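The lines below spell out each chain.
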Amino acid sequence: MSDSTAISNSAAADVGHSHHGEHPPYQRHHFETVEQQADTTNFAMWLFLLTEVMFFGGLFTAYMIMRNWYYPAFVEASHQLNIGWGSANTAVLILSSFTMAMGVWSAEMRKKGMLVLFLSLTFILGLAFLGIKSIEYHEKWVKHHVPGLHWSDASFLNPASDPEVHKDYPGDKPLQSDMAEKTQMYFFLYFAMTGMHALHMIIGISILGFMIVRARAGAYTTGHVNYVENFGLYWHFVDIIWIFLFPLLYLISRH
Amino acid sequence: MSAATIVSLPDQSTARIPKMNFLTKENGLLSWLLTGDHKRIATLYLISITFFFFIGGALAGLIRLELLTPQTSLMAADTYNKVFTMHGVIMVFLFLVPSVPATIGNFMIPMMVGAKDLALPKVNLLSWYLYIIAGCMVIYTMAAGGVDTGWTFTTPLSTHYLNTHVISTGLAIFVAGFSSIFTGLNFIVTIHKMRCPGMTWFRLPLFVWANYAASILMVLGTPVLAITLVLVVLERTVHIGVFDPAYGGDPILFQHLFWFYSHPAVYIMILPGMGVISEVVSTFSRKRVFGYTAVAFSSVAIAVFGFFVWAHHMFIMGISNYAALVFSLLTMLVAVPSAIKIFNWAFTLYKGSITFETPMLYAFGFMGLFTIGGMTGVFLGSTGTDIHLTETYFIVAHFHFVMVGGMLMAFLSGIHFWWPKWTGRMYPEKISQFAAVVTFIGFNFTFFPQFILGTLGMPRRYAAYPPEFQALNVFSTAGATILGVGYLLPILYLTWSLKYGEVAGNNPWQATGLEWQTQSPPLTENFPEIPIMDHEAYDYEWLERQQEKEVASVG
Amino acid sequence: MSELDQQVDHNEHEHHIVSPVVYLTIVLALLVGTGLTVWASYIDLGEWHIAPGLTLFWNPVVALAIACTKMTLVVLFFMHVKYSTRLTKLTVVCGLFTFLALVGMTMTDYFSRAWGRW
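In order, the protein sequences belong to chains H, X and G.
Letter by letter, the first sequence follows residues 1 to 255 in the numbering used here.
Letter by letter, the second sequence follows residues 256 to 810 in the numbering used here.
Letter by letter, the third sequence follows residues 811 to 928 in the numbering used here.
No wet-lab data here; the hints were simulated from the structure.
Derived DSBU-like pairs (lysine-lysine); straight-line CA-CA distance at most 35 Å:
(1) G:892 / H:111
(2) X:685 / X:754
(3) X:754 / X:280
(4) X:448 / H:111
(5) X:685 / X:274
(6) H:111 / G:899
(7) H:111 / X:377
(8) X:542 / X:685
(9) X:274 / X:448
(10) G:892 / X:448
These figures come from a predicted structure and were not determined experimentally.
Just chain H, same shape as in the assembly:
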């Protein structure tokens, strides 16, 4: 406990208690105290994250089975992903989680300038993540690796036809045509999982934009840290999903 300080939102709570019927403006009418409201919304956010876990859970289950069935296809298809971009994106997202956590800290310490700074940094890092992601998506489109829309399995039937990847992974052997087809499955899951993740990022970034405006107006630095904190939970959750997507999609077998 030495590394952390414990305070309660006593200032806000005192107002509620001493002057009966006079609540801080952010307290909703059906709550008795600010603490109750904070507890409640925080718990609700956690429950929402549970539904998100199960939402991605379906995709992870599908991934697991398909990877076991079509392992050679998954290995060679994963070699098409650029490990540099992938690692960079992981770092970007982890850093954005850090700035978000610092944002929550600034709100708790009631430092408005810091809060706006850290939220903006999170916003920028989020955009950077999407930028890198779109570079990767573009690369897939150019190489005809978008299943269903823009597809060719030439790189897997004949790896030598794809010199860029082939020089890094000379051990990749040509796949039988039925297995080469299954690389579509990998790319389908790749797009479904990273796409669903990116969708969550886009939603998160939009909310961040709204929050930056509100933070500049001083909405979260008067003891009402709830909103920032709960959004932080969402943002960290999206980070966690990526922490799993990265090794599962990029690092299947690089040796």
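Since chain H is already given, all that's left is putting chains X and G on it; use the hints.
Showing chains X and G alone in chain H's frame:
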């Protein structure tokens, strides 16, 4: 049946509906469409689900009419497929799942725990709007030509072989799913964080426990269905996916993911109904529910076990024999908490002062029919008999016994039970008792013959059948007509009672729940001041003392 | 001792502010973990033949172990679960449990399909 009754109404010549209540607080359409009041949202839900119930019911009528004769005489076979699919989709996702939780639960849970509202009123309203959007999408689907996959969306049928409106139906269910997630989430948070002083977990009415368990299933199960339907929609649009064997996918994976939600979904449907029965049985026997703790935990146990039994829907679909064995064993486990409930209700009745008002009649219907439905579930949970009985009318009869005989009876029981609280007026007792009996008779005529048809081997989901099955099918259709009357009556007399019913007063049933200790219809924030719970649930002696005190102070 | 317990209980209801030093440590650990998982993927860690037809490859195990560690760090510190109420902790565990039920119970089918038929 004795003439004894526990109903105690105020003197009708002087009694008035309280001027200030949640219905009269504000006027105008916008005050309803933008409301945050859980009671108003519950009312909106009640109207909407009743609307969809009658659409679904009309489709059921068409199905039964078609099956009156062995030939496809009323409609073409593919029309029949669309009719039973839309019947299933509407009844499951737009009626049964939200039926008790979103209406009675929405209205009563905050009152039962002594709160001013649900924890997240705006999310509650959002959930109703999502429900309406889903409903509109389903109606659009019907207008545009329907969908004929069955409500289970079996792949690759739904992704590869059909050209009907799978996408709009799938998205409708996706949206409806989020509506139910938000309801469940709201309930869990409310029950954890919004209880009034003195309201410990083991003082909560069992209705709250049951809805809590159902909410856990909604929150954890529904997202899996959502992502599954997204994958089905993607598979149809981009023609690549994890379910279609033509692309190397696995249709059984779809079954796993679909039933991971859809098996717990039947507990989402039945658990709140069980909660209603606990309230009603206790009130009309004047006894505390026997084994309160056991009944409370059996709800949670059903919720937990519910996640480990889904593959019993897949015994004939090619899952491994070992997995079938495990799932079959686990399925038998669910029978235990269900039986705990049934036995405890029976023990509650034992030596109780039972009266036979309408909610109690429906509750008796529930207990009988749910027991039959549950027992036949054991037949289907055993791998051996399941292979013979599955995909026959035995299945249809089984889940209609549980869902219609169980859940719908519980829903009607609850609606009658809380109608005085909701509207401030009593429903007419005699005709509603008649309706309850008609429903029970009609129900048995409709669905009991289907058990026999199933064991004889009549498959489900066909418009035509061999002529030797006709006699029983005629029986079933005749019963459905009676059942239809049984369902039409309540909507007529309940609407009538809105204006002409007797004034109910605060607590016509002499029930103990906190919701009965305030005016009916309640105030916008439920209680004049936050109540303090100083007694156990179902403590009828406390109620008596309370009333004596009131008489003394008034006298 | 009991006094200490009371204090801990009491503090559960108060709002904890985690210091930036902790956040900084965690973010460094996460970045190191990322490097480690990339590095580990370039090494063939071999496999373990548990039984005929059942082989465990160490590479994915290590990758997932690192990912799980990273997740735990994020959940405990960034998401403040270490300082949260028991209800929050239970909620997290509940989510993991249901997720594992989905994956695990589905796998009982897939793993045992090849075991032959009766």
